[in-house]
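Q: Protein chains in written order, with the numbering used here: chain A, 7 to 122; chain B, 262 to 371.
Hints listed in this document are in silico derivations from the structure and should not be mistaken for laboratory results. Where hints are given, some of them may not hold.
Unchecked claim - Only some residues are given here: those of chain A computed to face chain B with a beta carbon under 8 Å: (1) Pro-14; (2) Phe-40; (3) Ser-49; (4) Leu-50; (5) Asn-57; (6) Leu-80; (7) Thr-84; (8) Ile-99; (9) Pro-110; (10) His-112; (11) Phe-113; (12) Gly-114.
Note that beta-carbon positions come from the ideal geometry of N, C-alpha and C, so glycine has one too.
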Amino acid sequence: GAVVSQHPSWVICKSGTSVKIECRSLDFQATTMFWYRQFPKKSLMLMATSNEGSKATYEQGVEKDKFLINHASLTLSTLTVTSAHPEDSSFYICSALRQGGNSPLHFGNGTRLTVT
Amino acid sequence: DAKTTQPPSMDCAEGRAANLPCNHSTISGNEYVYWYRQIHSQGPQYIIHGLKNNETNEMASLIITEDRKSSTLILPHATLRDTAVYYCIVIPNAGNMLTFGGGTRLMVKP
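The shape of chain B in the complex, shown without the other chains (with noise of 0.2 Å):
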C-alpha cells in the first residue's frame, strides 16, 4: 500500500467545517483515497473513498488534487459526535484490505 501522511491531531469548532488533510506522494494510477473514522472502543466507520474526482456523500466530501497527491476530507458542520480518529488510506482497489496508520485524532469542541 501507499504510504500516508497524517496530522497527529486537529482541533475544530463545533459548527465549523472540519478540513482534515492527507499526503499519498506516492499513490499509483489505479490506487484509490479511502476515509474511515474510528470512534472510541467502536470499529472503524466507513467515510468515503474516490479515485481522482471529488466526492460528496451524506457524511463528507472528498477533495483530491489534480496530481492526487494528497487529499481533504471535510465534514461541512462538525459536531461533538465526529470526535474521532481519521484514517487516510490508499489502496488498488475496493476490497483489498486495509493497512491503518497513526490517522489524525480529530477533537469537536463546543
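Here chain A stands alone, though its shape is the one from the complex (with noise of 0.2 Å):
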C-alpha cells in the first residue's frame, strides 16, 4: 500500500507557459501532501507543505504566485509552475501523509521539468 502517483514523470515547456504537475495518493486518503525541488546533485529542499482545503504554506524563498499549489481534495494535489523560466528547471517531487495514521511519509516519483 501507501502508493504515491506523480505525472506527468517529465515535461518539457517553453519559457512564459504554465505547467501542472499532480500528485496522488492512490490508496489512501492525504491531509497534507508536501512539494520538494530538486537540483542536480544537490539533496531535495521543501518548497511548501500543501493541506487539504486550505491554503498552502511556502517556505522562506518560494514564490507563491509562481507556485500555484492546489490540494482540493483528499487524494490529489497539484502543483501549477506558472510562467516558467528555464531557472524553474528542475525535479519536482511530491509526498503525502496518510490521513490519522502515523505512517511514513510516501513519495512519488517525480517530475523532470525542463524549461526551454
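Quick one: dock chain against chain with the hints and give me the complex.
A: What follows is the structure, encoded as C-alpha cells:
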C-alpha cells in the first residue's frame, strides 16, 4: 500500500508557459502533501506544505504566486509552475501523509521539468 | 529537526553487507530515526524507522545505540540495485515533513 503517483514524469515547455504537476495518493487519503524541489547532485528542498481544503504554506524564498498549489481533495494535490523560466528547470517531487495514521511519508517518483 | 551527519559516500562489494552510519547526537527523546533512499531520478523510498529499539524489515536492519546518538542502517546482502543516496533523518513523529541533508551516496560494485 501507500502508493503515491506523480504525473507527468517529465515535461518540456517553453519559457512563459505554465505547467501543472499532479500528485495523487492512490490507496489512501492524504490530508497533507509536501512539495519538494531538487537540483542536480543536490538534496531535496521543501517548497511548500499543502493541506486539503486550505491554503498551502510556503517555505521562505518560494514565491507562492509562481508555484501555485491546490489540494482540493484528499487524494490530489497539484503544483502549477506559472510563467516558467529556464531557471525553474528542476526535479519536482511530492509526498503524501496518510490521514489519521502514524505512518511514514511516501513519495511520488518526481517530475523532471525542462524549460527551454 | 535534529541535525544528522553522514559520510558523503561509501563503496560496498556486491553480496556483502553495507553498513551506513549516521550521527544524531542532539536527538531528543521523542524523535524517531528514519531512513530513506533515492535511486537516481526517482523519488525517495522509505526504508525503515525506529525510536530506540533495533528494527528489521524485509529491506534492512536499523541498529540504534543505547544513548541514541547514532545509528547504523544495514543492508545485509547489497546488490547493484541498492546503489543510491541514503538519507538518515530524525523527526518528532511520523508524518512530519522531512528535512533532507546530504545523505550518503552508496556505490555497490560487482
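Q: With a cut-off of 8 Å on the beta carbons, see whether Ile-99/A makes it to chain B.
A: Interface hint status for Ile-99/A: holds (5 Å vs cutoff 8 Å).
Q: Was the hint right that Phe-113/A lines chain B, CB cutoff 8 Å?
A: 4 Å, holds
Q: Quick check on Thr-84/A please, does its C-beta sit within 8 Å of some C-beta on chain B?
A: 17 Å, violated
Q: Quick check on Phe-40/A please, does its C-beta sit within 8 Å of some C-beta on chain B?
A: 5 Å, holds
Q: Would you check whether Pro-14/A satisfies its interface hint, that is, whether its CB is within less than 8 Å of any CB in chain B?
A: 14 Å, violated
Q: Quick check on Leu-80/A please, does its C-beta sit within 8 Å of some C-beta on chain B?
A: This interface hint is violated because 15 Å lies over the 8 Å limit.
Q: Let me know if the C-beta of Asn-57/A comes in closer than 8 Å to any C-beta of chain B, holds or violated.
A: 11 Å, violated
Q: Can we keep the Pro-110/A interface hint, with Cβ of chain B closer than 8 Å?
A: 5 Å, holds
Q: Given His-112/A as an interface hint, is the shortest Cβ-Cβ distance to chain B below 8 Å?
A: 6 Å, holds
Q: How about Gly-114/A: closest beta carbon in chain B under 8 Å, or not?
A: 5 Å, holds
Q: Against chain B, run the beta carbon of Ser-49/A and see if the smallest gap drops under 8 Å.
A: 4 Å, holds
Q: With chain B as the partner, please determine if Leu-50/A meets the hint condition of a C-beta pair closer than 8 Å.
A: For Leu-50/A, the interface hint holds, since the closest Cβ of chain B sits about 4 Å away, which is under 8 Å.
Going through the hint list in order, the structure does not satisfy hints 1, 5, 6, 7.
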